[in-house]
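Asker: Residue strings, one per chain:
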Amino acid sequence: MTTASAERFALRLHKVSKAFGGVQALNKVDFEVRAGEVHCLAGENGCGKSTLIKVVTGVHRPESADLIELFGQRIDRITPVQARELGVSVIWQDLALFPHMSVAENIAFDDLVGLRPKSVRYGEMTTRAGKVLERLGVRMELGAPLHSLPIAQRQVVAIARALMNDAKLIFMDEPTASLTQSETDRLLDIVRKLSAQGVAIVFVSHRLAEVLEIAERVTVVRDGNLVGVYPTEGMTQARLGELMTGHHIENDVSARDLPDAPVAFQARGLSRHGEFHDVDLTIKAGEVVGLTGLIGAGRTELAHVMMGMRRADSGDMQLNGAPYRPKSVRAAIEQGMAYVSEDRLSLGLLQKQSIADNTVISVLRKLTSVTGLISESRKADLVRHWIKELGVKIGAPEDPISTLSGGNQQKVVLAKWLATDPKLLILDSPTVGVDVGARAGIFRIVRQLADEGLAILLISDEVTEVMHNSDRILHMADGRIQQEYDPRTISVPQLEERIYA
Amino acid sequence: MRDLMKSYTIEVRLAVVLALICVGLSIAAPQFATLPNATSLLNNSAVNLIWAVGLLVVLIAGGIDISFAVASSVVQYVAAKMLMAVGGGNWVLGFLFCGSLGILLGLLNAWLIHGFRIISIVVTIATFNAFFGLLMFFSGGRNIYNLPDWWTARIFIFEHENAQGVWSELTLSVAVMIGCVVATWALIRRTNIGRQLYAFGDNPEGARRAGVNIAVMQGVAFGWMGLMAGIAGLCQVNIVKEVVPNALYGRELDVLAAVVLGGARLGGGKGTILGCVLGVMFVAITQNGLNLLGVSPFAFQMIIGAAILIAISTSNIDLSQVLRKKEVRS
Ligand SMILES: Nc1ncnc2c1ncn2[C@@H]1O[C@H](COP(=O)(O)OP(=O)(O)OP(=O)(O)O)[C@@H](O)[C@H]1O
Ligand SMILES: [Mg+2]
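Here the protein sequences come in this chain order: A and B.
Each residue of the first sequence is one higher than the one before, counting from 1 in this note's numbering.
Each residue of the second sequence is one higher than the one before, counting from 1 in this note's numbering.
Rather than coming from a laboratory, the hints here were simulated on the basis of the structure.
Be aware that a few hints might be false.
[To be verified] Pulled a few chain B residues facing chain A out of the computed Cβ check, cut under 7 Å: (1) Thr-191; (2) Ile-193; (3) Ala-215; (4) Val-216; (5) Gly-269; (6) Lys-270.
[Claimed, not checked] Here's a subset of chain B near chain A, in silico, CB distances under 8 Å, partners left out: (7) Asn-192; (8) Ala-199; (9) Gly-211.
Ideal Cβ positions, reconstructed from N, Cα and C, are used throughout, including at glycine.
With the hints as extra help, turn the sequences into a complete structure.
Answerer: Below is the structure:
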């Protein structure tokens, strides 16, 4: 251990604890990051990763800490501004951007923070923001308000913001959650470059393949307790998943044939100008159809048409043998459709409402008793059922959604839709930001629902995910369904090659 | 052009509607498009606009204020008493006194909101009642006519007599109003403090994590509102030449309506000076036009209500998106 003291550390934490009410988010955690190192922080949803970042950056004050040291400097009390001035920047899991501000101002916003009055130079701001985006290899309308961008581009804005001020330590809390493969690759390239320049990176991701590819060491946390620090060399995804969850996780192809099952959903020649063309799609009752391809292939757009959010230009759809032409989302839901959208953090949840209310919001009508009022006991039963099924880590059902960790919020969205008891469930990237253990849990439920006769369309960028959980795989590119694959006769690398070719 | 449409949808729409109304009124009511009418319109809008820009700042920061009009009355009353007690004072002293008292009242709101984590609408309804109650108690509801001469003197920044011998004049209040509008524009658009106000209103948690000082932001927003309320109180006395304790009671909702009409978002993060000015002018011109046309004043209330509903419900439809669709199709 004598060599350790000679090493330069970007960050050292000893015995840091933080509790929220009854929840011990961090319990005497040690954490060390060397200068120039790419270090992964791994653990299940709600284990305290984001909390650790917030403690280091002065957003939360820890209950107790033996040592917090940044770049060799001992720190007693830190504010977000001090942290930034020392050279720490963060890509927040929930992005923490400003929807009504322009892209440029979002990227350059940190320069405006402070009480010393300064005049704002919009021209300079735009140039600087443009330069950072250039480094990321992205083109974007810098004057557009942030809320007009799709989620993937907002993520890029958050990344650009963190790279703006030449930080020496960058926390990336699930930066790739909503990125395309090529954007992810570019980010990982930048991470490598930064690391070579001596910038330390703390990387949080539930995509373990990515973690093992980019990081040199990984610190595993479980339920607020440190499990250990491991080199990634020689580490496998399975082993890492086991360390995170504490038990072994099975992952295998689960495809089946359903020769006799009735057709639940059928689309013929579905087209929408500039989005997708001539799509034929059949999903049988009890079948899980995987739809994969690069982002921008038209998958989400197709889902939107199926859900009645937009109208197709031509082609027709059938649901359970009857013509299906939803005029609105509401009509689609009433006919048995459910849609877990990819942008669930901003669209799916009412942040200030309780966990329980969010879970039952789409089924309120089913909960009304003869008096026309909502039956509290039935509501409580339903909420308890789904929280248990999905393994949502919560304090109490009455707590507001905003107190949940990112991954657990997503489980609540899933619960909300599953509670509607649908006939066809569209899952659009359902496990973005969900940990390995919970992923397995979610797909166990998906499988179970399919066995009960639910038809499922699983949209995902992650090839392994569609491989392991679908009965058939459709590859979509440039708005067309290119080819159908049987997960039992193709391997993950083969499929990846076809998609990314 | 499309960029302009995208960032200023509401403002552009409001400007178009306002222009149409003006054209319509010029045809329907011959007195409308005359210099005397235009100047009196401006004179009468000055106080409202001063309040409006103050309220805009509060709305941008994600708050709301109900108490500002009554705060202006409090400032007027206390200023009248104090200034007479020190021998009358002058304009400089008047501005300093009214401004600082206004700021104090605003900071009181900010302190209650931030210190006790109570939402702004609740706090300002409470202070609205408290201010008004105290004012009526101490004044006994009596008007004050005994005011320093400088305060009630008519000062014109523009005068013109037309062929018929009718005078058009702009009062000092209009100059003050222009100063307030420009200062507020500079604050929210050109300074980092203003941008932090937007950020705080837009995403309070995001702003906090970026290190924006939340307490100071509340103080700036409500302090600025208070400053504007103080100045508005000062100007209003100059216009009516007396202090009537309950004269301003009830004006706050008209101003709030105008600012919301101008595109400021209840909930924060959005709103422009241009929209705010257009909103106030929209309300003033509609009222003025209906007066000239001899329509019942209740119709005016209805029209403003309807206009707000239309403005808010259509502001979700993004005009620029509709345009872009057209381009793609063609
Ligand atoms: N502001 C808060 N109030 C109450 N509880 C909180 C708050 N923030 C976090 N928690 C709780 O602390 C625990 C750790 O949360 P944290 O966000 O750090 O998890 P995480 O490891 O980042 O998970 P994920 O992978 O899902 O993002 C969770 O149980 C969460 O519910
Ligand atoms: Mg997290």
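Asker: So, for every hint listed, does it hold in this structure?
Answerer: Structure-based check of all given hints:
1. Residue-level restraint check for Thr-191/B holds (minimum Cβ-Cβ distance to chain A is 5 Å; threshold 7 Å).
2. For Ile-193/B, the shortest C-beta to C-beta distance to chain A is roughly 6 Å, which falls under 7 Å, so the interface hint holds.
3. At a threshold of 7 Å, the smallest CB-CB gap from Ala-215/B to chain A is about 11 Å, leaving the interface hint violated.
4. Look at Val-216/B: its Cβ gets to within about 6 Å of chain A, closer than 7 Å, so that hint holds up.
5. The restraint placing Gly-269/B at the interface with chain A holds, with a minimum CB-CB distance near 4 Å, inside the 7 Å limit.
6. At its closest, the beta carbon of Lys-270/B sits 5 Å from a beta carbon of chain A; the interface hint therefore holds under the 7 Å criterion.
7. For Asn-192/B, the suggested interface contact is upheld, since its CB lies about 4 Å from the closest CB of chain A, less than 8 Å.
8. Proximity of Ala-199/B to chain A holds as hinted, the smallest CB-CB distance being about 5 Å (cut-off 8 Å).
9. A distance limit of 8 Å between C-beta atoms decides the matter here; for Gly-211/B the minimum to chain A is near 3 Å, and the interface restraint holds.
Consistency note: the structure conflicts with earlier hint 3 alone.
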